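Participant: Sequence:
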Amino acid sequence: MSLRYAYIFAEVILKTLGIRNESVYLCYAVVFLSSRSVNNFLMTGPKAYLIYSSSVAAGAQSGIEECKYQFAWDRWNCPERALQLSSHGGLRSANRETAFVHAISSAGVMYTLTRNCSLGDFDNCGCDDSRNGQLGGQGWLWGGCSDNVGFGEAISKQFVDALETGQDARAAMNLHNNEAGRKAVKGTMKRTCKCHGVSGSCTTQTCWLQLPEFREVGAHLKEKYHAALKVDLLQGAGNSAAGRGAIADTFRSISTWELVHLEDSPDYCLENKTLGLLGTEGRECLRRGRALGRWERRSCRRLCGDCGLAVEERRAETVSSCNCKFHWCCAVRCEQCRRRVTKYFCSRADRPRGGAAHEPGRKP
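First residue of the sequence shown? That's 111 in the working numbering, and the numbers climb one at a time after it.
No lab work stands behind these hints: they were computed from the structure.
Just so we're clear, the structure is a prediction, and the values are computed from it rather than from any experiment.
Be a bit skeptical, because a hint or two may be false.
Cross-link-like lysine-lysine pairs, in silico, DSSO-like; alpha carbons within 27 angstroms at most [to be verified]:
#1 K296 x K178
#2 K332 x K178
#3 K332 x K300
#4 K435 x K178
#5 K340 x K383
#6 K178 x K300
#7 K304 x K267
#8 K383 x K267
#9 K178 x K453
#10 K267 x K332
#11 K304 x K178
#12 K296 x K332
#13 K267 x K296
#14 K267 x K178
#15 K296 x K340
Put together the whole structure using the sequences plus the hints.
Facilitator: Shown next as structure tokens:
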């Protein structure tokens with residue numbers, strides 16, 4: 111059975127169960143292909159996989175949203191076509207952006223499964239108390255209710271890694287970056303402690319691990335993206351036992367905390383219809399604002415100037431709620447305030463492109 115027909119079959123079956131989500135259809139299609147038979151899946155699949163499918167879909171969506179946030183002011187801004195991880199939609203490239211998409215999606219699925227476990231959404235999952243009572247460090251013991259990141263890791267690996275069915279360098283790259291995404295969740299866990307002692311003296315502490323905000327996971331992976339390692343392997347390698355062995359040895363030597371890629375990124379300044387790239391012409395950029403970080407403040411230079419485009423200033427009128435007041439009982443009434451704002455956009459300039467473009471993905 112091909113993936114296409116497996117997808118159609120999964121869609122038909124799951125719609126009868128009231129599930130209407132393409133991400134879930136895709137997960138089931140992969141399971142159909144990896145199962146010994148469709149009948150075997152129908153006997154066990156719905157019981158095992160329907161429990162987690164909504165969390166997997168929500169986690170994948172959170173990964174997409176975080177990708178868009180992290181790259182909002184980059185030349186590559188996480189376009190929709192970049193967000194399909196399987197051959198059903200297809201990420202045809204093997205560059206550092208693909209590496210990030212795999213990592214953040216894998217992290218999103220693991221994070222959501224772990225969080226939902228802690229919220230009591232699954233009957234077969236609870237706190238991780240495996241280390242409770244053990245000495246964790248000077249003056250503190252493991253205790254409390256740690257988020258069960260091991261559970262989230264195991265289930266997310268079953269779903270996300272199952273999308274890779276090849277044995278070539280590209281598949282190895284994707285699996286490596288999936289693992290890097292899971293490591294990012296584990297590596298950003300926060301230790302929370304509670305003091306114990308007479309009159310709050312904090313003689314000893316009981317500590318447990320909690321998930322951070324997912325934004326911290328995204329920021330961690332954005333740093334890894336900038337430092338991603340290029341692996342020199344032929345993407346078709348893996349068609350022989352010797353080739354597969356060489357691939358395995360190469361990736362085994364690279365830390366799974368790091369992102370890897372096989373190809374250089376294209377020039378995201380330019381439109382490329384073949385690759386589905388829109389270029390930066392017409393993109394909005396930022397120049398002023400107290401809350402802007404250095405990366406945002408330099409977005410006009412990065413998106414416009416370094417791409418041979420001019421910065422066009424446009425005045426616009428915005429309408430927003432203001433002067434809101436609470437009225438007893440129970441309503442909030444606001445006025446509608448209008449104000450003129452200045453926005454900046456990249457526009458074509460009648461001048462040659464100045465200077466060499468920065469390598470995509472690198473800070474200028």
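Participant: Where does the structure disagree with the numbered hints, that is, which hint numbers, in rising order?
Facilitator: Checked against the structure, the hints that fail are numbers 4, 7, 8 and 11, while the rest are satisfied.
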